[in-house]
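Per my numbering, the very first residue in the sequence shown carries number 1; after that it's consecutive.
In short, the hints are calculated from the structure, not lab data. Check the hints yourself; a few may be wrong.
Simulated crosslink set (BS3-like; lysine-lysine; CA at most 30 Å straight-line) [what the hints assert, rightly or not]:
#	residue 1	residue 2
1	80	13
2	132	115
3	174	191
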Amino acid sequence: MLLTKQGLIFVLKKVLLPRFYKRYVVGNSLIEADVNSTFATRGCTSKNEQLSTKFYHLMLYYPEFAYVFFWRIGKGKTNKARLFTTDMNCKIFKSTQIAGGLMCYHPFASVINAKSIGQNFQFRNGLTIGNKGNDNAQLPRIGNDVTVGAQVVIIGDINIGNNVVIGAGSVVVKDVPDNSVVAGNPARVIKTLEND
Numbered sequence: 001m002l003l004t005k006q007g008l009i010f011v012l013k014k015v016l017l018p019r020f021y022k023r024y025v026v027g028n029s030l031i032e033a034d035v036n037s038t039f040a041t042r043g044c045t046s047k048n049e050q051l052s053t054k055f056y057h058l059m060l061y062y063p064e065f066a067y068v069f070f071w072r073i074g075k076g077k078t079n080k081a082r083l084f085t086t087d088m089n090c091k092i093f094k095s096t097q098i099a100g101g102l103m104c105y106h107p108f109a110s111v112i113n114a115k116s117i118g119q120n121f122q123f124r125n126g127l128t129i130g131n132k133g134n135d136n137a138q139l140p141r142i143g144n145d146v147t148v149g150a151q152v153v154i155i156g157d158i159n160i161g162n163n164v165v166i167g168a169g170s171v172v173v174k175d176v177p178d179n180s181v182v183a184g185n186p187a188r189v190i191k192t193l194e195n196d
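Working from the sequences, and respecting the hints, build out all of it.
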């Protein structure tokens with residue numbers, strides 16, 4: 001029985017995954033957090049809750065996760081990366097420090113250039129995070145547990161607090177306090193969340 005081109009690619013992916021897991025995932029707390037966060041947030045289930053099983057599933061069926069994985073290991077432009085991802089036209093600057101739990105739903109047309117981003121950061125398509133006046137000293141700092149909707153702009157030397165939700169289409173140019181939902185252009189606090 002002959003395999004189709006897609007069948008051959010799938011077999012090649014399954015051969016590569018244990019190598020990637022052993023070399024890049026085992027002992028890497030950032031990637032482990034990305035795996036666990038994405039697996040749980042996506043509502044994935046498995047009879048086997050081992051980290052390797054979760055990683056293999058996400059790499060095979062979620063190209064957005066594969067994009068984040070290859071960015072983490074600095075191999076986003078390789079032929080192996082292209083096997084697992086589609087052309088997402090997303091750029092995350094190498095200088096941006098992002099804690100574990102990074103998850104994207106649709107990273108298309110996104111540019112991320114921040115001083116730092118905390119744990120469990122989630123974003124959608126069309127996100128722009130960047131400097132003001134082409135000055136990389138004026139970059140945002142984003143806290144833990146921040147969720148960003150589609151087509152959001154976050155610009156300048158500002159602080160986004162912890163436990164923040166930024167609504168789709170928002171333009172954020174001022175600090176955002178912890179436990180807030182913000183929306184609009186310019187973004188403003190529309191709701192305060194209860195701190196668990």
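(request) Hints the structure violates: just list their numbers, smallest first. (result) none
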